[in-house]
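Quick note, the sequences are listed as chains A and B, same order.
Offset between the first sequence (1-based) and this note's numbering: plus 1.
Offset between the second sequence (1-based) and this note's numbering: plus 1.
Incorrect hints may have been included.
Examples of chain A residues lying across from chain B (beta carbon under 8 Å, computed) [claimed, not checked]:
(1) Ala102
(2) Ile211
(3) Ala216
(4) Ile220
(5) Ala224
(6) Thr227
(7) Leu228
(8) Ile231
(9) Ala232
(10) Gln235
No lab work stands behind these hints, which were simulated from the structure alone.
Even glycine gets a Cβ: it sits at the ideal position worked out from N, Cα and C.
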Amino acid sequence: MAAEQSMQTPATAPGDTRIHNIGYRSYDGPRLGRGYARLSLYSQSLRGSYGLGRSVKSKVLPMLLFVVMCVPAAIMVAVAVATKANDLPVDYTRYAIVMQAVISLYVASQAPTSVSRDLRFKTVPLYFSRPIETADYVRAKYAALASALFILTAAPLLVLYVGALLAKLDFTDQTKGFAQGLVSVALLSLLFAGIGLVIASVTPRRGFGIAAVIAVLTISYGAVSTLQAIADVQGNGDAGTWIGLFSPITLIDGVQSAFLGASSAFPGGVGPDNAEGVVFVLFTLGLIAASYGLLVRRYKKVGL
Amino acid sequence: MYDPTVARLTYRALLGRRRALILGALPLLLIAISLAVRGLAGADDQTAADVLGGLALATMVPIIGVIAGTGAIGPEIDDGSVVYLLSKPIKRPTIIYTKLIVAIAVTMVFSAVPTLIAGFVLNGNGQQVAVAYTVAALVASIAYAALFLLLGTISRHAVVFGLVYALVWEALFGSLVPGARTLSVQQWALAVAQKVSGGDLVTSDVSLTTATVLLAVVTVLATWYAGQKLRSLTLAGEE
Chain A
2 MAAEQSMQTP
12 ATAPGDTRIH
22 NIGYRSYDGP
32 RLGRGYARLS
42 LYSQSLRGSY
52 GLGRSVKSKV
62 LPMLLFVVMC
72 VPAAIMVAVA
82 VATKANDLPV
92 DYTRYAIVMQ
102 AVISLYVASQ
112 APTSVSRDLR
122 FKTVPLYFSR
132 PIETADYVRA
142 KYAALASALF
152 ILTAAPLLVL
162 YVGALLAKLD
172 FTDQTKGFAQ
182 GLVSVALLSL
192 LFAGIGLVIA
202 SVTPRRGFGI
212 AAVIAVLTIS
222 YGAVSTLQAI
232 ADVQGNGDAG
242 TWIGLFSPIT
252 LIDGVQSAFL
262 GASSAFPGGV
272 GPDNAEGVVF
282 VLFTLGLIAA
292 SYGLLVRRYK
302 KVGL
Chain B
2 MYDPTVARLT
12 YRALLGRRRA
22 LILGALPLLL
32 IAISLAVRGL
42 AGADDQTAAD
52 VLGGLALATM
62 VPIIGVIAGT
72 GAIGPEIDDG
82 SVVYLLSKPI
92 KRPTIIYTKL
102 IVAIAVTMVF
112 SAVPTLIAGF
122 VLNGNGQQVA
132 VAYTVAALVA
142 SIAYAALFLL
152 LGTISRHAVV
162 FGLVYALVWE
172 ALFGSLVPGA
182 RTLSVQQWAL
192 AVAQKVSGGD
202 LVTSDVSLTT
212 ATVLLAVVTV
222 LATWYAGQKL
232 RSLTLAGEE
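Please build the complete structure, drawing on both the sequences and the hints.
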């Protein structure tokens, strides 16, 4: 290489050589620009989260989890219609808490597919050779995974809501519950997507990413619920409430039982009151902001 | 049957760089929680059994088993570098056997040792709870490592399937459908632990004979079949 260059350098004196013009023309039409590139990245990532536009094999898992998420809702609606109950068997806000294992598995399987493969096949530099910037990439990926999660968690709520209206349950009551449920799952989607992406963006290995995400989500929940149960037995309910800050799902539980009229799944059924709820909300928003900040920082330097 | 070079490479793949951090974080967390519980609740045999059974054996051991079992072979098959190993004059079952030994050793070190420490922190091994759960973790490590190593050779999504088995089948179905408990590594390991502790704090739904037979059968069959799978391995491109 070096030898070649030293041979060529004297030959390329200015004015001496001319590249033969074979008639290539540069593109001078309109360019779609940064916003369009960001939107494309978002829609491709969102489709990819459900395996659309990918192989049949990669559709199986997300679709299966989506079905598993919706089937219990359909069964509940069927039971409510058949027994002419006055209320749905489960609250809108409680549904995501009950199905948290499915949500965790979805985040764990899809967050690494969203970002780890870009790292492993070194396609991230190619993205950044386009007009998008670090923040665009992070925003598109974050928004895509959060939207995918929102679809996953809101679809069963919609099934419940439509079913409740068909069963002629009280309209205002159901609409209020449905709206509260939507706010809660939106918050949950943002939080889980942020945590999943931060962990997955550290490793180019999909397998390790999945294991790490699921470990963080389940172990933190297991640890927190164990400690809460013990605090409850000890009659130390206050400590139990504060311990809820340390796992994503109990964090959402705390927020919604303080402000969204949900009954808490904490042991003893006593969630945080309004003043404590403010701390829960701030903590949740802080975590979402922190994961966004960490992602932006992570992609300042491309590669590993 | 045991190839030291393959073993060394597998250890490096499992514990190299930051992977040891994931594996090490879980045991540290367990010990930290045990310290917190001891501080909050004092020494209590029932609490100790709950924490060790619910957190250590039901969550930590399977997750470490998944990471070590699939991590021993999965990434190599995934990025295609396994062909360099397969093209060496080493028998395929030897490769599997060596990787199994490594996976078992890693799972045991990162799950059974912290379980023992946590047990002593929680109640100083009262009623043999700590030792019983350590034995359960040791036994479960063998079966999990063999099972997840097999999954690693069968599927590219081995980690997900492993986690679905560990978290959905054992935890969710096991608590709802009593029959599912008979087919759960966790319950087999608990049956052995029950024999060790002798008390009524550690209980299992499976009898000791069934458990030992099933454990042995699952481990041997999974290892054998993984060897067969590796003999006829086809490398696929990324989806």
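Do the hints match the structure? See the list:
For A/Ala102, the interface hint holds, since its Cβ comes within 8 Å of a Cβ in chain B; the closest pair sits about 6 Å apart. The criterion of a C-beta within 8 Å of any C-beta in chain B is met by A/Ile211, whose closest approach is roughly 4 Å, and the hint holds. A least Cβ separation of about 5 Å between A/Ala216 and chain B falls short of the 8 Å threshold, and the interface hint therefore holds. Using the Cβ-Cβ criterion of 8 Å, the hint placing A/Ile220 at the interface with chain B is satisfied: the shortest such distance is roughly 6 Å.
Satisfaction of the interface hint for A/Ala224 is found here, the shortest Cβ-Cβ separation to chain B being roughly 5 Å, below the 8 Å cut-off. For the restraint placing A/Thr227 at the interface with chain B, the shortest Cβ-Cβ distance is roughly 6 Å, inside the 8 Å limit, so the hint holds. Contact between A/Leu228 and chain B, as hinted, is supported at the beta carbon level, the nearest pair being about 6 Å apart and thus within 8 Å. Given the 8 Å rule on beta carbons, the hint for A/Ile231 holds: about 5 Å separates it from the nearest Cβ of chain B.
The interface hint given for A/Ala232 is met, as the beta carbon of that residue sits about 6 Å from the closest beta carbon of chain B, less than 8 Å. Taken as an interface hint, A/Gln235 checks out: its beta carbon lies about 6 Å from the nearest beta carbon of chain B, inside 8 Å.
Violated hints for the displayed structure: none, as all numbered hints are satisfied.
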